[in-house]
Amino acid sequence: MFKQIASKVHEVRPLIHCITNYVSANDCANVLLACGASPIMADDVHEVEEITASAQALVLNLGTPNESKFISMLKAGQKANNLGIPVIFDPVGIGASQFRKDLAKTLLKEVSFSVIRGNASEITTLATWQNHSSCIDTNALKRSSYDMLIELAKNLSEKLGSIIVISGEEDIISSPHITYRVFHGHPAMSTITGTGCMLTSLIGAYCGANPTQLLQATLAATLAMGLSGEQAYSKLCQIQGGTGSMHILLIDAISLLDFSKVEGGLNYELYEKLS
Amino acid sequence: MFKQIASKVHEVRPLIHCITNYVSANDCANVLLACGASPIMADDVHEVEEITASAQALVLNLGTPNESKFISMLKAGQKANNLGIPVIFDPVGIGASQFRKDLAKTLLKEVSFSVIRGNASEITTLATWQNHSSCIDTNALKRSSYDMLIELAKNLSEKLGSIIVISGEEDIISSPHITYRVFHGHPAMSTITGTGCMLTSLIGAYCGANPTQLLQATLAATLAMGLSGEQAYSKLCQIQGGTGSMHILLIDAISLLDFSKVEGGLNYELYEKLS
Amino acid sequence: MFKQIASKVHEVRPLIHCITNYVSANDCANVLLACGASPIMADDVHEVEEITASAQALVLNLGTPNESKFISMLKAGQKANNLGIPVIFDPVGIGASQFRKDLAKTLLKEVSFSVIRGNASEITTLATWQNHSSCIDTNALKRSSYDMLIELAKNLSEKLGSIIVISGEEDIISSPHITYRVFHGHPAMSTITGTGCMLTSLIGAYCGANPTQLLQATLAATLAMGLSGEQAYSKLCQIQGGTGSMHILLIDAISLLDFSKVEGGLNYELYEKLS
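Which chain is which? The protein sequence lines are X, E and S, in order.
Per my numbering, numbering through the first sequence is continuous, rising by one, with the last residue being 275.
Per my numbering, numbering through the second sequence is continuous, rising by one, with the last residue being 275.
Per my numbering, numbering through the third sequence is continuous, rising by one, with the last residue being 275.
In case anyone wonders, no lab produced these hints; they're calculated from the structure.
Computed from a predicted structure; not experimentally measured.
Check the hints yourself; a few may be wrong.
One copy or any two copies: either way a pair holds, since identical chains are not told apart in the list.
Here are the simulated lysine-lysine pairs, DSBU-like style, with alpha carbons at most 30 Å apart [what the hints assert, rightly or not]:
| # | residue 1 | residue 2 |
| --- | --- | --- |
| 1 | 261 | 235 |
| 2 | 154 | 101 |
| 3 | 105 | 8 |
| 4 | 105 | 75 |
| 5 | 75 | 101 |
| 6 | 154 | 235 |
| 7 | 235 | 3 |
| 8 | 75 | 3 |
| 9 | 109 | 154 |
| 10 | 235 | 75 |
| 11 | 235 | 159 |
| 12 | 105 | 261 |
| 13 | 261 | 75 |
| 14 | 101 | 159 |
| 15 | 235 | 101 |
| 16 | 261 | 8 |
| 17 | 235 | 105 |
| 18 | 105 | 3 |
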């Protein structure tokens with residue numbers, strides 16, 4: 001199934017419209033090309049609706065925000081909603097300022113998102129509107145906290161009608177009724193900037209090419225990123241490289257990923273909460 | 001001859017002023033340094049004219065456009081025209097929105113360009129003002145279409161007085177009277193973002209260092225990019241890398257290129273249309 | 001001592017707020033992660049003060065300037081001053097336009113900087129307000145000029161109350177009373193864009209984690225960059241790579257740097273001017 005979803009990206013070559021930050025824009029474009037999609041970055045209000053209308057998915061990323069980009073996100077998001085195009089939201093560093101929280105609040109009110117992806121602190125901030133860390137990339141969490149996070153993701157998913165992805169040491173993917181846990185990835189991924197943004201773009205590509213199975217597409221993209229991180233780290237050890245090489249090897253792995261050749265199988269599970 | 005043109009870049013170390021998009025700005029700066037030029041990225045209206053005045057070439061890139069950057073392009077372009085500094089235009093994704101088409105139309109009216117480079121769909125849009133693809137990086141074209149493209153490039157070159165470069169599987173470089181076809185490059189180049197922008201920057205560097213022979217400089221830059229793509233791909237196969245490595249190897253190859261050591265000779269031709 | 005200062009970055013994991021250019025933003029974020037710090041790039045006036053307030057250092061970079069980013073720099077800088085957070089300034093390309101000189105003049109008047117880092121021409125422009133090169137990356141200077149530069153750095157440091165770093169073939173680090181010369185680094189570092197910006201970010205990280213010993217932290221960061229450049233170049237020769245690989249290997253080296261394992265010792269000196 002995952003192989004089919006991933007192959008669909010190469011077949012359909014979906015155009016993914018990204019309104020995003022300038023820090024990871026190049027990486028996101030390269031990740032989209034690596035998985036078979038076609039990126040277009042555009043954030044001016046005069047063109048975003050037209051570009052969204054010709055895209056297969058829209059990715060809104062809250063990094064390096066400003067008001068004019070926000071207006072563009074709003075317009076593009078509403079256009080996508082009207083046309084039934086999947087919209088993916090990445091609340092980058094939402095806990096870092098009241099400004100980001102205000103923008104995110106308005107976006108959630110005015111735009112319906114197919115998928116929202118963040119790390120534990122970002123999604124927790126989105127669910128509670130209280131800060132849980134000023135740090136963007138807090139990933140390590142205690143075991144017990146994961147059960148709470150899963151509940152939070154489920155509840156948020158129900159409330160917003162969006163698939164919620166919390167990425168970290170363990171990834172959580174939740175629709176209102178089904179929750180998956182993914183156990184792939186490697187801590188070295190958090191030593192480079194933009195891995196979260198890259199995963200969000202990947203989800204955009206997978207959803208854009210598979211619009212009728214968004215949950216499976218989101219799960220597949222999350223698995224793809226985790227597997228790519230592992231493969232990148234494994235090569236990194238061979239060449240004894242540092243974080244610069246990890247960056248390149250991660251994009252390499254995304255472009256070389258073949259679900260039918262994953263050794264050791266996929267490590268994820270359907271989560272069933274006793275109730 | 002090509003060796004001389006390329007060496008001139010290292011000798012002169014031309015300052016290339018780029019008003020460009022944030023997706024490939026880092027790559028363009030690195031490509032300029034790799035070929036021996038010196039990049040300066042600047043897009044604020046308060047400084048672009050002064051910076052253009054001290055540069056040896058100006059590169060205008062339509063990616064991630066907005067109105068204030070457009071005003072800067074206009075002012076910098078006119079300043080360059082007044083001072084006789086070559087101006088290179090890259091109509092990135094011009095077919096993607098009416099906004100980009102409008103900006104490009106005004107630029108073409110107000111600024112005289114030495115060279116315009118795009119892919120087949122971009123240049124066709126520029127010539128006909130009709131969309132030919134919503135996709136920025138459509139490269140594959142049927143054999144017969146190339147003859148039509150060559151005619152289109154020639155006619156556009158005559159109309160605008162600019163050298164027209166259509167890059168793709170086969171590259172077309174046309175002045176009003178002379179047309180070249182270049183058969184270098186590799187499809188793997190289109191698996192990374194910004195290769196078009198990088199070629200445009202390279203043309204800027206070659207033209208900036210060789211302002212009296214713009215057609216030969218443009219041809220040399222196009223050959224340099226194609227050869228670098230081939231050399232990068234050849235190394236990529238050795239290391240069994242993915243698109244992340246292709247990205248790095250391409251910049252490597254540009255920095256290591258030596259026209260006097262190209263094995264197998266240069267594969268390009270002067271195109272003579274029977275008439 | 002340097003080992004301790006560098007380790008402190010990994011321990012404290014300081015949040016470094018960068019208001020910076022879009023050309024090297026990705027590299028700066030990756031360098032910050034590579035040395036153990038946590039980057040946040042944010043330049044909108046609605047959030048910069050709040051973000052600076054939660055950061056351990058603020059880095060202001062004059063590349064690709066515009067007025068709204070300038071206002072943000074001013075507000076963030078003053079907030080940092082009020083809270084005693086170190087502020088680092090990189091006057092990128094200050095000689096390139098009157099606009100950049102005006103912005104820098106106002107910043108120097110309104111914000112107190114802990115450290116200012118530039119190349120010889122940038123710092124000379126800052127000291128004399130006359131242009132000394134239109135080229136951003138002029139690095140090669142004659143031996144005799146270094147003595148003049150050291151005097152200039154010392155005087156500027158006294159005048160502004162900031163640590164002055166002039167990076168180049170030889171690096172100069174000067175407080176009003178103490179001046180160091182650092183003899184590490186490699187010319188290949190100037191073949192990639194943003195190495196200056198990366199060093200400035202590194203200084204931000206080291207100062208952010210060691211706020212009570214800013215001069216030693218700045219010296220350590222400069223040594224770290226120089227050593228990393230040498231190690232990167234040494235690996236580059238092994239793989240016979242070009243400037244693309246140099247870029248990656250430099251970030252690798254920063255992430256792998258261990259002051260306790262530097263072969264051949266550190267090559268720097270306390271400069272004593274006879275007087």
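What hints, given by number in increasing order, does this structure fail?
Hints 3, 6, 8, 10, 11, 12, 13, 15, 17, 18 are the ones this structure does not satisfy, whereas the remaining hints hold.
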